[in-house]
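J.: Our numbering numbers the first residue of the sequence shown as 1 and each following residue consecutively.
Just so you know, these hints were derived from the structure itself, not from any lab.
No experiment lies behind these values; they were computed from the predicted model shown.
Treat the hints with care, as some may be off.
[What the hints assert, rightly or not] Lysine-lysine pairs mimicking DSSO-like chemistry, simulated, CA-CA at most 27 Å apart:
#1 Lys222 with Lys40
#2 Lys158 with Lys222
#3 Lys40 with Lys158
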Amino acid sequence: MSSLGPATTDVSAAPVGSVRPQVHARAPATRLADYAELAKPRIAVMALVTVAVGYVLAAGENWSWAGLLHALGGIGLAAIASGALNQYLERQSDARMTRTENRPLPAGRLSGNEVLAVGIISAIVSIAWLVWQVNILTAVITSLTLVLYLAIYTPMKKHSSLATTVGAVPGALPPVLGWVAAGGSLDSGALSLFAILFLWQFPHFLAIAWLCRDDYEAAGMKMLPRAAANRPGLTGLMGVVYALALLVVSAWPRQLGLAGDAYLAAAIVLGAGYLAAAIRFWWSESTSTARGVLYASLVHLPLLLAAMTWDHFRLLN
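Generate coordinates for the entire structure from the input sequences, incorporating the hints supplied.
T.: Structure, rendered in structure tokens:
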């Protein structure tokens with residue numbers, strides 16, 4: 001994790017709708033980059049990858065580019081909405097954390113009204129698009145995802161360390177959205193994808209929360225590393241528990257016939273690597289071991305999904 005330097009302005013008394021009193025003039029290209037940043041692009045891209053995986057697994061040989069692109073378009077707009085509205089709601093907290101103080105709102109490059117408008121318009125168009133071009137179930141679950149993330153998880157972070165668990169629910173729904181967008185039902189296949197994404201998030205976000213624990217405390221967020229300050233090793237232990245559960249649950253798609261033995265072998269190797277990183281962090285909570293968990297998580301998920309998708313189509317052929 002990198003630091004962007006200390007905050008230059010105290011925004012605790014900033015007016016509603018704007019973090020700083022003045023929005024600085026920006027070149028058009030720079031403003032476009034600021035608008036793009038509202039979507040939290042790296043997170044959005046990863047979410048859309050899981051949407052695509054869910055879609056092709058449910059559709060099998062019947063998948064189509066048109067159907068996939070409509071799903072990605074509608075759900076992608078929901079990702080923009082969630083990112084923009086989250087940054088609007090957390091504009092005061094973001095200004096107090098070095099990792100977020102240079103986001104468009106706390107840095108004064110966009111106004112609160114601009115960000116709020118982007119979020120609301122994106123959400124409305126997203127749901128309308130999904131109803132019109134995909135199906136109602138996808139639109140309903142997308143709406144639920146937005147509500148869970150924005151109305152429950154986001155404010156809960158200031159009150160309870162259980163927010164991480166609550167936030168993992170909308171975080172695990174993108175592959176389910178892809179699954180139902182392809183016409184799949186909420187069956188065991190969708191549940192297996194949800195379970196994998198749900199469990200994967202915990203070691204990943206516990207490592208981030210440990211690395212940024214001082215930032216989160218400054219912003220008044222109740223993250224586990226601070227809640228467990230008097231219980232050394234608890235954060236790492238929880239990461240181990242979830243990594244172990246993920247290793248077990250990753251076999252589920254093989255049992256359901258979504259993928260075969262090649263996927264299972266990859267899942268075991270990748271899961272063991274993720275678990276090993278979590279164990280090292282548990283044994284010695286440090287910046288290097290926390291980063292190790294973070295890097296392992298970023299290797300684990302893309303390769304696991306790639307192996308699952310490849311093996312799925314290998315079996316079909």
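J.: State for each hint whether it applies.
T.: Here is what the structure says about each hint:
For the hint pairing Lys222 with Lys40, the CA-to-CA distance comes to about 22 Å; that is within 27 Å, so the pair holds. Of the pairs offered as hints, the one joining Lys158 and Lys222 holds, with about 5 Å between alpha carbons and a cut-off of 27 Å not exceeded. In summary, the hint linking Lys40 to Lys158 is supported, as the alpha carbons are separated by about 21 Å, within the 27 Å threshold.
Taken one by one, the earlier hints all hold for this structure without exception.
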